[in-house]
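S.K.: Single-letter residue listing:
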Amino acid sequence: MIQSPAAATLRFAPILLFILLLAAFGLSSPRFLEPQNLVNIALQSSSTAIAATGMTFALLTAGVDLSVGAIMFVAVAVAGKMIHHGQPVALAFCAALAAGAAFGALNGLLVARLRILAFIATLGTLFAGRGFGLWLTETRAMNMPESVTRLGTDRWLGIPWMPLAVLAVVCLLAHTVLVATPFGRMIYAAGHDAEAARKAGVPVRRVLFCVYLISGVCAAAGGLVALTQTGAVSPKFGEQKEFAAIAAAVLGGVSLFGGRGAVLPGTLLGALLIQTVENGLVILNANPYIYPLVASGVIFLAVLLDSIRNRAQLSLPGGCQAAAGPSKARS
Amino acid sequence: MTAKAIELQEIDKRFFGVPVLRKVSLSVFCGETLGLAGENGAGKSTLMNILGGNLQPDSGSLLLAGQPYRPRSPHDAAKAGIAFIHQELNLFSNLSIAENLFLTDFPTRAGIIDRRVLRRRTGELLDQAGLNLSPETPVHRLSSGQRQLVEIAKALSLDPKVILFDEPTTSLTQREKEHLFSLVARLQSRGLTLIYISHVLADLTRLCHRVAVLRDGQVAGCGPMKDFSHDRLITLMVGRSLEVQFPPPTSAPAPEPILEARDLTRRGKISGVSFCLRRGEILGIAGLMGSGRTELARLLFGLDPLTGGSIHLEGRPVQHLSPRQRIARGLAFLTEDRREDGLCLDASITENISLVAAASYTRRPLGWLRLDSLRLAVAMIRERVQLTSTARDSQPVRTLSGGNQQKAVLAKWLLARPRVLLLDEPTRGIDVGAKHEIYTLIRQLSAAGAGILIISSEIEELTGLCDRILVLASGCLHDEIPKAAFDPERILRSAMAGAAASTPSSALP
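Protein chains in written order, with the numbering used here: chain A, 4 to 334; chain B, 40 to 548.
In short, the hints are calculated from the structure, not lab data. Worth double-checking, as some hints may not be accurate.
[What the hints assert, rightly or not] Derived contacts from chain A toward chain B, CB cut-off under 7 Å, selection only:
#	residue
1	89
2	183
3	185
4	188
5	191
6	192
7	204
8	208
9	262
10	313
[Said to hold, decoys possible] Heads up, incomplete: computed chain A residues facing chain B, CB under 8 Å, no partners named:
#	residue
11	184
12	199
13	203
Idealized CB from N, CA, C, for every residue including glycine.
Starting from the given sequences, assemble the full structure and let the hints guide the process.
M.R.: Structural data, given as structure tokens:
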């Protein structure tokens, strides 16, 4: 079957947009396309991209994890507190990941066990997480010692390698899980139609639980990467990161309606795209007040693209038609 | 005599108190193909869903190869060797063919899906199903016919002993249908036991060894296929149940038209339907499921856009108007699924009834609701439709019986004083008493001059109420029957012939 040009454009919209942006910014400022700047874009987007990778799992099940930013905050608060009390950095980081897993498991429990709508459940844990983090840090900022910031700035071949390495590992691992494991394919099935998946024998609740667990761990990892880069835990750490993560995933082609999208190239590309816009605006010396407007434009564009794609999907021949009738199973 | 593969003993099933199956006893012998015929709503699919584990019977027992069989889920049924090819396809269109077939049973190596083994095993199953496609093909690219064959391949992957087909040909083209039939023949020669539901009697004659006819949830006849001519099958299917009395007409339709449809067309659903509804007339629309009955009503109400044709309401064109504007012009649409589309189940009776007409009970200039007069109007309309007086106005409609819910939907529309009512299955799933009351109400409305269009699967309901019946098949008007010539068998035969004669893609006028 041949794809129509319109369908192909939709499908490759993220890549086309990315190329277009690079070209536009590159033409307006020669500094923009310098290798150092491109590396900077990747570095600046790494923490969001890692969190967005976890978010992708939740979105694929037609859910969402609004507590991503809060989990980032809790994770670095735990790590920062332990480091201030003289614990080794490695142990502190492991504890931070465990805290992320715990919050993710809580989300999973609420969504999969208690069947609370993901939007509501994770909105609740968003506030719980921020409150818990503020309590832990006593709403004070904590500066990290050099042993932490070194991780984010250590150079290899002239490039701070650690954030990029973590990003690469997370993305590759997530991609493998989604594409090449039974669990990954079940995520797609559950996201497409949870009821049909249940009928087909997919353990939908377990899948949902794991998805939020993964999102929690990814958020914690993203938070730690940001911590090594910024070197401080502030009360505003990770605030509104959930929206950046959702925007990145959706911009990269992950559907808010579930069942469609991928981490590679999708979500990663989406995160880079958003960072490219911001970086480009800085280089062009744009008025800083414009940033939120542009960011909101990007999010709007992402969701619009998704709606169009979803409508295109529904109007396919033999798509999901609800054949209602007297003989329809009422279960 | 060969052994019985499946034995059903006195199966009873009710939905919301309405019996759907009554003491159904039926046997299927090993290696035979049993055809299941019956009108819409006769209980065929319910019976298959019980066998397939989607539903549990209220009473009665099932035997599978002589052993008691009580599937609690489709999974149980599959383990017992029963595969179910659904009418609506249950594939994940975002996954590939191979992934659909092995979703819960992927071959893996070290936790990673072994794509090579997966491809080989899928290839084997697709070969058996006679489908020449790459296992990696995403399902959203397949036609309905190909999806049907993938469903069958999926069923074969479970190595079943019994396969249930629920109207597998409704969305297939002629070529795809031939392909399916040759596959069925191969399954038969392998000694599999098949149960095949279809509206197309010629298909039953061609494929089945024996046939059973269901009517009103009971077995009306069962025996070797060769003993059942098409005429006999149809007679068995429509044989009447005399439970419901229809109120006699009190007035004749006026000559002037109130709703005129000219050449209504919506690509792929409805083609060139023209008719005229007169003031005070009750016009019936008969047709099988998928004939375009509901689509026609949706077009008339403006829920879907027309691709051609025009609609005149009281002489003025309305095809460019939104549903909201059409309501203002006096149109009402009672949808076929009151729970999904007709009611806000958790809202109160008052809230539901006042939903459509609330705008006309406001006080200028701010548009506050005049609650007192609205309440009065609701009370009056409640009485008019005879909604149960034991229910409080503030009670959520979820707590009402099916019949009272339907009356609440009717009350909602009547409050807006419609001059044309489109009623899609107005009495589905409600008890006999409530049915009679709704029939009486319909009569009163038509006597008062309203034009009424009734869509119904119950042919009796149409012949009992209507002044004229249109038969719809494959999106086209296939027959028009005046009251003097009402004959349930003719209507059913016409609807089936129309459906058999044309596939959705090549509809004839």
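S.K.: Name the hints, by number, that the structure is in violation of.
M.R.: Result: hints 1, 8 and 10 break, sorted rising.
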